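Engineer: Sequence:
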Amino acid sequence: MKKYLYYMLAAITIWSAAGASVQAEEVVVNKGDTLWSIAQKHEVSVQDIKNWNGLSTNLIHPNDKLEVSPEEFYIVKSGDTLWNIAHTYGVNVQSLKSWNQLSSDLIRPGLELIIYRNAAGQAKAAAPAKTVVKSANTVQPAAEKSKSLTVTATAYTASCEGCIGITKTGVNLLENPDAKVIAVDPNVIPLGSKVYVEGYGYATAEDIGGGIKGNEIDVFIPTTEAAMEFGRKDVKVTILN
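Here the sequence shown stands for residues -20 to -1, 1 to 221, where the numbers follow mature numbering (1 follows the signal peptide of the UniProt record, and there is no 0).
If you're looking for bench data, these hints aren't it; they were derived computationally from the structure. Treat the hints with care, as some may be off.
[As the list claims (entries may be wrong)] Computed cross-link-like contacts, DSBU-like style, restricted to lysine-lysine with a CA-CA straight-line distance of at most 35 Å: (1) K193 x K57; (2) K57 x K148; (3) K127 x K11; (4) K57 x K30; (5) K148 x K30; (6) K148 x K45.
[Claimed, not checked] Simulated DEER-style distance windows between Cβ atoms: (7) N31 x L154: 18 to 24 Å; (8) L171 x E52: 15 to 21 Å; (9) L86 x D44: 24 to 30 Å; (10) W63 x G34: 27 to 33 Å; (11) G59 x L129: 16 to 22 Å.
Quick caveat: nothing in here was measured; it's all calculated off a predicted structure. For each residue, glycine too, the CB sits at the ideal point set by N, CA and C.
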């Protein structure tokens, strides 16, 4: 989870005249690190990391510095609308509302908005409910609209013997190895649901499985070695829609 309370001590110096502040997280590559392991740790995709750092291959070296979580915060000013803020940052209004748990287009001066962008300016998945600023010195939790449950999670790959590599909803995992996908019991988590899986990140329920019953999920991991390393564990899943 990102830390959203830093502004209590530094709001005056952090915000620029335009009201935005880039909060990019940078990591130093250690021996043995891979883009996949770094992506898993920071709950982003390998392709995101490659886009944010201008990488054309998956090759990285010890002591390389990588940006892993570009995000911006914007303080609403008098006269601002969601439309003009979205237009400025190259995102859409619905994404702004989803990221900030807004139920209407109404915004007030002093409100802090979080904005996610990748290198192409496209929207990331919506985050769980978070804390936003309602005024210069007041912090208020956003309304909780998501549903959480504890499930038993295992992992699967698309390259196993007898596997066709295509999910129930038609996603070709062999062609999209960076896809964040889970297999579910649709009676518990409906297919198409956007979810946040503890220890895995943001994903979509795109698949089912004969062995997935009740509060169980399978998370897609592209390599057999990493899937076996994931093991079997109880995790918290937050259904975002």
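Engineer: All hints, please: hold or fail.
Structural biologist: Structure-based check of all given hints:
1. For the hint pairing K193 with K57, the CA-to-CA distance comes to about 49 Å; that exceeds 35 Å, so the pair is violated.
2. Only pairs whose Cα atoms come within 35 Å are accepted, and K57 paired with K148 is rejected, the gap being roughly 46 Å.
3. Annotation: proposed proximity of K127 to K11 is violated, straight-line Cα distance about 39 Å (limit 35 Å).
4. Pair hint K57 plus K30 holds up; C-alpha atoms about 34 Å apart against a cutoff of 35 Å.
5. At most 35 Å may separate the alpha-carbon atoms for a hinted pair to count; K148 and K30 meet this at roughly 28 Å.
6. Pair hint K148 plus K45 does not hold up; C-alpha atoms about 38 Å apart against a cutoff of 35 Å.
7. A beta carbon spacing of about 21 Å between N31 and L154 agrees with the range 18 to 24 Å that was offered as a hint.
8. Taken as a hint, the range 15 to 21 Å is violated for the pair L171 and E52, whose Cβ atoms sit roughly 33 Å apart.
9. Between L86 and D44 the CB atoms are about 44 Å apart, so this pair departs from the stated range of 24 to 30 Å.
10. About 31 Å separates the C-beta atoms of W63 and G34, a value consistent with the hinted range of 27 to 33 Å.
11. A hinted range of 16 to 22 Å is violated for the C-beta pair G59 and L129, which are about 42 Å apart.
Violation of the numbered hints given earlier is confined to hints 1, 2, 3, 6, 8, 9, 11; the remaining hints are satisfied by the structure.
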